[in-house]
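Participant: For reference, each letter of the sequence shown is one residue, going 2 to 135 in our numbering.
Read the hints as simulated data drawn from the structure, not as lab findings. As the structure is a prediction and not an experimental result, all values here were calculated from the model. Where is the CB? At the ideal position from N, CA and C, for every residue including glycine. Some hints here could point you the wrong way.
Think about it this way: if two alpha-carbon atoms lie no more than 20 angstroms apart in a straight line, the pair counts; the simulated DMTMM-like pairs of lysine to aspartate or glutamate are [as the list claims (entries may be wrong)]:
#1 K94 <-> D80
#2 K94 <-> D42
#3 K94 <-> D51
#4 K94 <-> E7
#5 K94 <-> D63
#6 K94 <-> D74
#7 K94 <-> E22
#8 K94 <-> D57
Restraint ranges, calculated between C-beta atoms of paired labels, are given here [to be verified]:
#9 P19 <-> D63: 30 to 36 angstroms
#10 G77 <-> E7: 27 to 33 angstroms
#11 A60 <-> P107: 19 to 25 angstroms
#12 D63 <-> Q9: 28 to 34 angstroms
#13 W28 <-> S104: 20 to 26 angstroms
#14 V76 <-> P6: 28 to 34 angstroms
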Amino acid sequence: MVCGPEGQRAVRTAVGLPATEVSTPTWVDHLYSCDYRYGGDTAIGLSVKDLASTSDTDAWFDRQARELGRGQDLVGIGDAAFATSGGDLVARKDDTVLHVDVSRLPAEFGTPSAARSDVAINVAAAIMSCWTGQ
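With these hints in hand, go ahead and build the complete structure from the sequences.
Facilitator: And the structure:
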């Protein structure tokens, strides 16, 4: 999962530095989530919603678009993905939806330094590559 050892390796590679702490994952209403903390209030939040069907997944993905503010559609990440108006990223793969919350990062973050929205893309791509075995 996104908070376990494989996910931690993927996020560390995508960001270019290790988290100082990964919070204890939670599992509530089929939503698995954790925070990757980098000191102070700086963190990346990852969550995965596990849904029962394609129609449920479509509905959740669309709900996220409405609630978070759908920005640019992104190609090549999961089955479908979009950036939010705040720089987060939401991607779906099969019957799961990944949310990469970068709202608690500075405008530039990582090694090498990248825009917050690019960090979200890099993290999502790394997590998705774990899911597909690439």
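Participant: Measure nothing beyond the straight line between the CA atoms of K94 and E7; if it is 20 angstroms or shorter, mark the hint as holding.
Facilitator: 18 angstroms, holds
Participant: The hint says 27 to 33 angstroms between G77 and E7; measuring C-beta to C-beta, is that right?
Facilitator: With Cβ atoms ~21 angstroms apart, the hint is violated.
Participant: Hinted pair, alpha-carbon criterion (20 angstroms max): K94, D80. Please report holds or violated.
Facilitator: Answer holds: K94 to D80 is near 5 angstroms, not above 20 angstroms.
Participant: Within 20 angstroms, alpha carbon to alpha carbon, are K94 and D63?
Facilitator: Roughly 14 angstroms between the alpha carbons, so the hint for K94 and D63 holds.
Participant: Does the Cβ distance between A60 and P107 fall inside 19 to 25 angstroms?
Facilitator: Taking Cβ atoms as reference, A60 and P107 lie about 34 angstroms apart, which means the hint is violated.
Participant: Could you check the hint for me, namely that W28 and S104 are 20 to 26 angstroms apart, CB to CB?
Facilitator: Because 22 angstroms falls inside the window, the suggested range holds.
Participant: Next pair to validate is K94 with D74; report whether the Cα-Cα distance is within 20 angstroms.
Facilitator: 15 angstroms, holds
Participant: Does the beta carbon distance between V76 and P6 stay inside 28 to 34 angstroms, or does it fall outside?
Facilitator: Between V76 and P6, where Cβ atoms are some 29 angstroms apart, the hint holds.
Participant: Do the alpha carbons of K94 and D42 lie within 20 angstroms of each other, as the hint requires?
Facilitator: 30 angstroms, violated
Participant: Does the Cβ pair P19, D63 satisfy 30 to 36 angstroms?
Facilitator: Cβ of P19 to Cβ of D63: about 35 angstroms, so the range 30 to 36 angstroms holds.
Participant: Next pair to validate is K94 with D57; report whether the Cα-Cα distance is within 20 angstroms.
Facilitator: At roughly 13 angstroms apart (the allowed maximum being 20 angstroms), D57 and K94 satisfy the hint.
Participant: Are K94 and E22 close enough, with their CA atoms no more than 20 angstroms apart?
Facilitator: Given that 20 angstroms is the threshold and the Cα spacing comes to 27 angstroms, the pair is violated.
In this structure, the hints that do not hold are numbers 2, 7, 10, 11, in rising order.
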